[in-house]
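Student: Residue numbers for the sequence shown follow the UniProt record's numbering, so the first one is 1 and each next one is one higher.
There may be inaccurate statements among the hints.
Pairs of lysine to aspartate or glutamate residues, derived as EDC-like cross-links and limited to a Cα-Cα distance of at most 16 Å, are as follows [as the list claims (entries may be wrong)]: (1) Lys101 to Asp116; (2) Lys101 to Asp115; (3) Lys213 to Asp202; (4) Lys213 to Asp164.
Since the hints were derived computationally from the structure, they do not count as laboratory data. These numbers come from a predicted model, not from an experiment.
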Amino acid sequence: MSFGDPNNPYGQPQNAPQGQPGYGYPQQPPQQGYGYPQGGQPGYGYPQQPGYPGGPGVPGAPRIASMGRRFGARLIDGLILFVIYFVLSLAGVAGSISAIKDCDPNASDYQSCVDDAASHMVGAVAAVVGALMICSLLYEWLMIGLVGATLGKMAVGLRVVKADTGQKPGLGSSIIRWVIPLVGSLACGIGQLVVYLSPFWDKSGRQQGWHDKAASTMVIQN
Numbered sequence: 001m002s003f004g005d006p007n008n009p010y011g012q013p014q015n016a017p018q019g020q021p022g023y024g025y026p027q028q029p030p031q032q033g034y035g036y037p038q039g040g041q042p043g044y045g046y047p048q049q050p051g052y053p054g055g056p057g058v059p060g061a062p063r064i065a066s067m068g069r070r071f072g073a074r075l076i077d078g079l080i081l082f083v084i085y086f087v088l089s090l091a092g093v094a095g096s097i098s099a100i101k102d103c104d105p106n107a108s109d110y111q112s113c114v115d116d117a118a119s120h121m122v123g124a125v126a127a128v129v130g131a132l133m134i135c136s137l138l139y140e141w142l143m144i145g146l147v148g149a150t151l152g153k154m155a156v157g158l159r160v161v162k163a164d165t166g167q168k169p170g171l172g173s174s175i176i177r178w179v180i181p182l183v184g185s186l187a188c189g190i191g192q193l194v195v196y197l198s199p200f201w202d203k204s205g206r207q208q209g210w211h212d213k214a215a216s217t218m219v220i221q222n
């Protein structure tokens with residue numbers, strides 16, 4: 001009976017092929033953490049970039065604008081437009097008053113002169129309203145589309161971006177965003193107020209108003 005080689009007490013074949021299982025010491029498991037990730041495990045390779053805007057709590061996602069800041073921005077913009085409206089109205093009324101003063105009370109056409117001045121005042125008011133709408137359009141449309149913020153939004157640190165890319169809205173999305181509240185204002189201003197309050201009912205976590213959803217935009221904090 002052969003008891004094996006005394007120099008090989010473990011009884012393993014001396015000519016065992018290298019790298020074959022079952023011989024010698026057990027193989028070490030393959031090391032992880034080098035090169036590209038295996039099996040899609042997190043923590044290796046290049047980190048995934050979150051899509052814009054990510055979502056609430058996602059690292060790197062933008063901060064959604066609070067309704068308090070949005071109200072403050074709207075208030076500042078409203079004051080700016082009111083100053084423009086006041087200046088234009090004052091100029092129109094002053095011109096009409098001057099025309100009435102020019103009427104001679106002793107002249108036979110005094111009443112017709114006053115009537116003409118009153119008609120001029122009504123026309124001036126209508127012109128002021130039209131000018132205000134044009135100013136509001138240019139103010140909101142151009143600044144939101146090209147800059148991404150009005151003066152009011154700049155003052156409180158807000159800007160409007162495309163919801164899918166984070167870029168400036170552009171003139172197309174900006175005009176849509178302006179028209180929606182304008183249409184709402186035709187119902188005695190109630191519809192416009194509802195549009196501006198609609199972010200409270202947004203379930204997406206982005207606080208998008210109806211005008212934002214129609215234009216595919218969102219308001220964020222700088």
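Student: Now look at each hint and say whether the structure bears it out.
Tutor: Verification of the hints:
{"no.": "1", "hint": "Lys101 to Asp116", "result": "12 Å, holds"}
{"no.": "2", "hint": "Lys101 to Asp115", "result": "12 Å, holds"}
{"no.": "3", "hint": "Lys213 to Asp202", "result": "10 Å, holds"}
{"no.": "4", "hint": "Lys213 to Asp164", "result": "11 Å, holds"}
Against the hints set out earlier in the document, no violation occurs for any number.
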